[in-house]
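K.L.:
Let the hints inform the model, and build the full structure from the sequences given.
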Amino acid sequence: MPFSPMPTRRGRTRAPTLRRAAALTVALLIGSCLWPLSASAHGISGRASLPVPAWLFAWAAAIVLVVSFVLLSTMWSRPRLQEVHERRACNWPALLTPLAGAIGLALFALVIYAGYDGVSGSKENFDPTFIFVIFWVGVPLSSAVFGDWFRAFSPWRACARAAHWIGARLGLRWRAPLSYPDWLGRWPVVAGLLAFAWLELIYHDRDNPSLLASLSLAYLTLMLVGMALFGIEQWSERGDAFGGYFGLFGRLSGFAVHDRALWLRRPLSALSSYGSESGAVALVLVIIGITTFDGASNGVVWNTLQPHVQSFFSGLGLGDSPSDEIADSLGLVLAIAVVVGFYWVGVLGMRSVSARFDTRWLARSFAHTLVPIGFAYVLAHYFSLLVWQGQAIGYLASDPLGHGTDYFGTAHWHVNYNFIGSTGIWYVEVAALVTGHVCGLALAHDRALATYRSAEEAVRSQYWMLVVMVGFTSLGLWLLSAVNT
Amino acid sequence: MVHLLTALGYLLPALALLAVLACRRYPGERALVAAIEERRRGSLMRSVRIGAPRVRPRALLPRGGRLIASSLAVRPPPALPALH
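Chains B and A, in that order, give the protein sequences.
Per the working numbering, the first sequence starts with residue 1, numbered consecutively.
Per the working numbering, the second sequence starts with residue 1, numbered consecutively.
No wet-lab data here; the hints were simulated from the structure.
Heads up, a few of these hints could be off.
Covered stretches of chain B, as calculated for chain A (at least 3 residues, CB under 8 Å) [said to hold, decoys possible]:
#	stretch
1	74 to 84
2	464 to 470
3	473 to 481
Note that the Cβ used here is the ideal one computed from N, Cα and C, for glycine as well.
P.N.:
So, in structure tokens, the structure goes:
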């Protein structure tokens, strides 16, 4: 069991906590009402022809969540996901690990080569599509299905392991001089994801291939320094922003690879140990917040408000681009704050149920329940981007530099937008959001059964998590529906 | 105003639920608690039934030379495994 009950100050009464939770929720919901009124962010486009108004989907999703809550309470009476039980499925051939590392390194080299030697057009060059669609969207989504497979392909890890292996052959043994500090926890991953999100969503010159290549090299250098100081595996797991992000979604999967074997486990069960580290709560909230901002950034309200914020910074003597980027950066911070507030409502509500646990402990203990929601947000938001723009990698693989080559005979391929229609995408998005939130609810229910002594406290605490889940589902559907309708 | 109403249309279920909880009402709580406790009791009974052996094991009595050895020895040979 990763969390043990933690007694806290008993002197506090429940009423102020409850009132704070209620006030915070009302403020957040009113605030989010003023946020996106329509969204046309990437990942959402086209007009779906829906048989009923889109808001009815939010109501239907809420009903599904309430029914799930009742079924969980009545059918799920003992904790089932608090421990990971793995079963060895088959051996993992030793040759596969260096092979995967070599593939990862080769792709990384291609990114650098295409970035510096390819054309500068974002649609003709391999880098923007590969980095922003395949790497940023495809890898985390597939990790939730197949497990943390990126770990084997990680170019920086492969590079460090190769250097370590060569050094050992030459008789040079390197030992990491520092142990990874506990206080640092998952914060490097949080910082890395925020930096990448800023690059993708806010920075004006984000599609510049040579810039992407330079940043990739800088990131490789940073990773190698981190691994040299703290150890390859330690840093890969906690210091590598992408490895940490993909690995987090990999915990949703029923597969794991370690100790030279493929292991089977109960899906979601690997999340039970998540949350105790420093920065773990922030990481999952930032993942949801980034996606929320991406959806909201093209909304009517933000597009109305943003020029005023921009002009404020322009008035301070900043140029158009910097002031625009600062305004959007504030929007990103605001979106993350809204998500944090949603979660804090649930935590404060649970705090009002029992005084035995303080808010910080509860926030950490239930943080893993947000991981399926983060996954659902990413899947729902980027699904169309992946199925449409992801097809471009077919012709870009044959002509990565944009010079007119045709290595694999696929250079003439094009994006087929009829592959799936807007209505189909809308249904996938709704299904993803509802399924993700039901999984979150199941995890929260399981943790509550393991945490609270009485069934009454466990049930009451989950009413509050139900509010969180319904709120996140409604917010997600609202963001997505703005354009689909 | 239209946008605000649209947003409220989406968020109304969450707001309604929150309003109920803010009034310290947990609708259906008793039924859910009762269901959990009943389920727990049921699973406990099942585990007791599963854990109990259906047939009492028959210990094999030593016979012949083993019986003599067990009777006479200061430290007798280990008991034979029980048959289920």
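K.L.:
Does each hint fit the structure? Answer for all of them.
P.N.:
Hint-by-hint comparison with the structure:
{"no.": "1", "hint": "74 to 84", "result": "holds (count 4)"}
{"no.": "2", "hint": "464 to 470", "result": "holds (count 4)"}
{"no.": "3", "hint": "473 to 481", "result": "holds (count 5)"}
Hint violations for this structure: none, all hints satisfied.
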